[in-house]
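Going line by line, the protein sequences match chains H and W.
Residue numbers for the first sequence follow the working numbering, so the first one is 42 and each next one is one higher.
Residue numbers for the second sequence follow the working numbering, so the first one is 42 and each next one is one higher.
FYI, nobody ran anything at the bench for these hints, they're computed from the structure.
Wrong hints could be hidden among the right ones.
Copies of the same chain are indistinguishable here, so a pair counts whether it falls within one copy or spans any two.
[Unchecked claim] Think about it this way: if two alpha-carbon atoms lie no more than 35 Å apart in a straight line, the pair counts; the simulated DSBU-like pairs of lysine-lysine are: (1) LYS63 / LYS282; (2) LYS282 / LYS54; (3) LYS261 / LYS63; (4) LYS243 / LYS261; (5) LYS54 / LYS222; (6) LYS227 / LYS54; (7) LYS99 / LYS120; (8) LYS227 / LYS70; (9) LYS54 / LYS292; (10) LYS54 / LYS261; (11) LYS120 / LYS54; (12) LYS303 / LYS243.
No experiment lies behind these values; they were computed from the predicted model shown.
There are 2 protein chains.
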Amino acid sequence: MKKPLVYTERWAKDTSFSIDIKTHIHHEKSPFQTIDFYDSETFGRFFTLDGLMMVNEKDEFIYHDMISHVPMAVNPDIKRVLIIGGGDGGTAREIARYSHIESIDMVEIDERVVRLSEQFLPQTASTLSNDSRIHLHFKDGVEFVQNTPENTYDLILVDSTDPIGPGEGLFTEAFYKNCYKSLNAKGILINQHESPYFERDKIQMVRAHQRIKSTFPIAKVYQFNMPTYPSGHWLFGFASKHYDPINHHQKDVWESFGLYTKYYNSNLHEAAFQLPTYVLEALNHDA
Amino acid sequence: MKKPLVYTERWAKDTSFSIDIKTHIHHEKSPFQTIDFYDSETFGRFFTLDGLMMVNEKDEFIYHDMISHVPMAVNPDIKRVLIIGGGDGGTAREIARYSHIESIDMVEIDERVVRLSEQFLPQTASTLSNDSRIHLHFKDGVEFVQNTPENTYDLILVDSTDPIGPGEGLFTEAFYKNCYKSLNAKGILINQHESPYFERDKIQMVRAHQRIKSTFPIAKVYQFNMPTYPSGHWLFGFASKHYDPINHHQKDVWESFGLYTKYYNSNLHEAAFQLPTYVLEALNHDA
């Protein structure tokens with residue numbers, strides 16, 4: 042009898058989340074990380090980097106809705122977008138739904154994540170090769186923003202892994218300063234902001250917020266329910282040179298685009314910025 | 042070498058959540074259910090009923106804040122409260138923080154849950170024997186509301202297990218109708234409303250909402266992040282004969298009470314009612 046395959050991720054040193062696997066589709070060590078693709082019943086196909094859940098067919102819409110549509114509803118005139126990371130293609134897919142977007146530079150350090158996602162996860166990756174506005178750059182995001190001229194982008198989306206391994210540089214103050222420089226006067230930065238619940242994630246959350254707050258005049262944090270990430274309670278950062286995500290929320294303009302979104306909606310937009318007391322306390326505590 | 046103890050809960054048939062256990066403190070079969078108390082590092086002490094996580098020291102504040110303070114901030118004149126279930130004492134503890142509350146009837150079918158919580162989980166249970174306004178009734182909640190005279194309570198809190206085993210009757214239309222009858226003209230009902238993410242929980246969520254909507258003129262649903270419940274995305278129902286939880290939100294009065302709450306706050310109050318599109322669609326779909 043074949044032993045059943047189980048994917049297990051440690052959410053804390055004594056806490057884990059497990060999924061029974063139907064098929065282990067692919068395993069590979071790229072120059073940057075270990076990449077695995079699996080099939081499961083509840084979550085459909087999913088992939089992990091260095092053993093951590095990145096994207097699955099069941100709830101990727103939550104993460105990709107919240108990283109993309111929040112800034113687009115604050116500045117609906119965004120035309121030039123930089124995505125750092127996001128090799129699965131889901132973030133580019135959502136941004137590409139806006140017909141007025143002119144260009145999407147996607148900087149992914151690991152080409153293998155893109156190629157394998159194109160092969161195994163068309164739900165997120167199929168747009169990458171089908172939209173001529175998307176330009177793929179297989180480069181280090183840290184160096185990319187260092188070399189980006191001033192005032193280049195309206196929006197930067199940091200769709201990164203955790204700050205260990207290849208994602209580490211995307212959580213540094215130097216990186217945030219280069220994002221600031223690369224954005225124009227009305228530019229917005231959205232970043233993967235970890236989670237308030239488990240201690241390891243909370244430390245990263247607090248650190249990221251301190252660094253972004255010291256770089257951007259406006260630095261807010263918003264939350265969403267991502268069941269396959271540790272604790273299910275996950276955050277994005279919204280930083281900007283000009284826009285406040287609530288005061289400048291352009292609900293009517295965004296709704297005029299007529300996009301159906303399975304998680305995001307206009308009421309949720311403002312609500313997502315209202316955080317529990319314990320999260321506010323952690324964010325406002327000087328690290 | 043002693044085998045390490047691991048507590049594992051199935052969140053879906055192919056998905057599980059596990060906690061390494063330091064000590065299995067207590068195991069007992071009561072006339073109603075199997076009760077276990079454990080010690081763990083990350084979550085502190087916790088207990089399970091029929092193998093499902095009920096309460097732990099790390100995140101019980103989230104659940105108890107959200108079940109208690111939302112209705113108290115909509116009608117700050119609430120004086121007579123009925124709690125059904127809630128044997129751990131956490132809900133009664135939060136309600137008892139309001140000095141103007143006159144009486145709290147707590148109806149718990151299983152006296153052993155209360156006694157064991159008093160013994161092993163004082164964080165939630167210590168108020169039960171220290172506040173003369175709390176009256177314990179070890180009875181079936183379904184029968185209790187059946188026999189309650191009309192217009193008895195300002196607030197009913199259904200702090201129940203899932204609708205399997207002893208909690209089953211607390212999800213029926215007959216039960217909700219008896220709650221309606223037991224509430225006065227401005228009465229509010231809050232109930233444990235399951236979750237939108239995993240299929241089994243979603244079916245119960247939809248069913249509960251249909252039944253409450255057919256009983257109460259106002260029936261809303263609000264969400265919170267409860268990492269130790271399946272998917273971490275959990276809901277309460279807010280039903281009322283009179284009050285809308287947002288239009289009648291009495292922020293200033295509630296804040297004048299000066300209660301510190303680690304999860305709940307006035308901004309989160311209104312935000313919690315703004316649900317993701319896929320949750321709204323499931324709730325509004327006629328079951």
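Verification of the hints:
no., hint, result
1, LYS63 / LYS282, "neither (47 Å within a copy, 49 Å between copies)"
2, LYS282 / LYS54, "neither (39 Å within a copy, 47 Å between copies)"
3, LYS261 / LYS63, "neither (40 Å within a copy, 38 Å between copies)"
4, LYS243 / LYS261, "both (16 Å within a copy, 32 Å between copies)"
5, LYS54 / LYS222, "neither (38 Å within a copy, 49 Å between copies)"
6, LYS227 / LYS54, "neither (42 Å within a copy, 48 Å between copies)"
7, LYS99 / LYS120, "within (29 Å within a copy, 44 Å between copies)"
8, LYS227 / LYS70, "neither (40 Å within a copy, 63 Å between copies)"
9, LYS54 / LYS292, "neither (42 Å within a copy, 40 Å between copies)"
10, LYS54 / LYS261, "within (30 Å within a copy, 38 Å between copies)"
11, LYS120 / LYS54, "neither (43 Å within a copy, 44 Å between copies)"
12, LYS303 / LYS243, "both (28 Å within a copy, 16 Å between copies)"
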